[in-house]
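Number of protein chains: 2
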Amino acid sequence: MERVPILKLGDVLIVSIQIDLQDQGVLALQEDLADAVVESGARGVIIDISAVEIVDSFIGRMLATIASISRVLDAETIVVGMRPAVAITLVELGLSLGGVRTALNLEKGVALLEDRDNARAVAVPR
Amino acid sequence: MERVPILKLGDVLIVSIQIDLQDQGVLALQEDLADAVVESGARGVIIDISAVEIVDSFIGRMLATIASISRVLDAETIVVGMRPAVAITLVELGLSLGGVRTALNLEKGVALLEDRDNARAVAVPR
Numbered sequence: 001m002e003r004v005p006i007l008k009l010g011d012v013l014i015v016s017i018q019i020d021l022q023d024q025g026v027l028a029l030q031e032d033l034a035d036a037v038v039e040s041g042a043r044g045v046i047i048d049i050s051a052v053e054i055v056d057s058f059i060g061r062m063l064a065t066i067a068s069i070s071r072v073l074d075a076e077t078i079v080v081g082m083r084p085a086v087a088i089t090l091v092e093l094g095l096s097l098g099g100v101r102t103a104l105n106l107e108k109g110v111a112l113l114e115d116r117d118n119a120r121a122v123a124v125p126r
Numbered sequence: 001m002e003r004v005p006i007l008k009l010g011d012v013l014i015v016s017i018q019i020d021l022q023d024q025g026v027l028a029l030q031e032d033l034a035d036a037v038v039e040s041g042a043r044g045v046i047i048d049i050s051a052v053e054i055v056d057s058f059i060g061r062m063l064a065t066i067a068s069i070s071r072v073l074d075a076e077t078i079v080v081g082m083r084p085a086v087a088i089t090l091v092e093l094g095l096s097l098g099g100v101r102t103a104l105n106l107e108k109g110v111a112l113l114e115d116r117d118n119a120r121a122v123a124v125p126r
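These protein sequences, in sequence, are chains A and B.
Under the UniProt record's numbering, the first residue of the first sequence carries the number 1, and numbering increases by one thereafter.
Under the UniProt record's numbering, the first residue of the second sequence carries the number 1, and numbering increases by one thereafter.
Worth flagging that the hints you see were computed from the coordinates, not collected in a lab.
Please note that a few of the clues may not be correct.
Since the list gives no way to pick one copy over another, a pair counts as held whenever it fits inside one copy or between any two copies.
Stated by the list, open to error - As a list, the in silico SDA-like pairs of lysine to any residue whose alpha-carbon atoms are at most 25 Å apart: (1) K8 to P84; (2) K8 to R43; (3) K108 to E53; (4) K8 to A111.
Quick caveat: nothing in here was measured; it's all calculated off a predicted structure.
Construct all of the structure, not just a fragment, from the sequences and the given hints.
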């Protein structure tokens, strides 16, 4: 079974979804990501879906689950690279991606995470 | 035809190869990357092959070609995430990946690019 590689860059894990994930693949990705967050102490998970042409409720649920798992592990999940057509389909399907933050691309996603870290640093001065 | 997404982060383009590329896919990736380097003015291209289980002469040639194209466009290519078994196979096949720099993972690849930029800045003070 092919596994989706998880790239680490500083405090951020980057996942680029390019293959059609079935149930087993989704479970493997969730496990791998949870492991990676714990091992690396990452504060953010960025999931690039620019190669994903169709987002159905299955993928929507996967993204929400990954976001929930990461949140319990104190990492924020940001979905980036959504195609316009995918956004339209999501809304038509009534899927709101609740609890999942989005950004236009990887750079803006990383900027979002940095903003949050800065906000924390201000809130809790050391 | 599926296209491999190209992520941009600062001066660096990141490509994670997860699907088996055939001739058409390789040509498309080379074109997309050349376009992306020119459009973004990127100084580095990092190709993650951690999901690649078998590297044959076809893939080896693709990596070398991408590196050559990038070089003409003044961007350095670094291949990261090579599996141990892939490294062994490469050597056994007599493929040296000439002209392609490698690094253990994305972080070390980015560090390599930054070192180079720093070295340039020292060599050509402004």
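Those earlier numbered hints the structure runs against, lowest number first: Violated: none.
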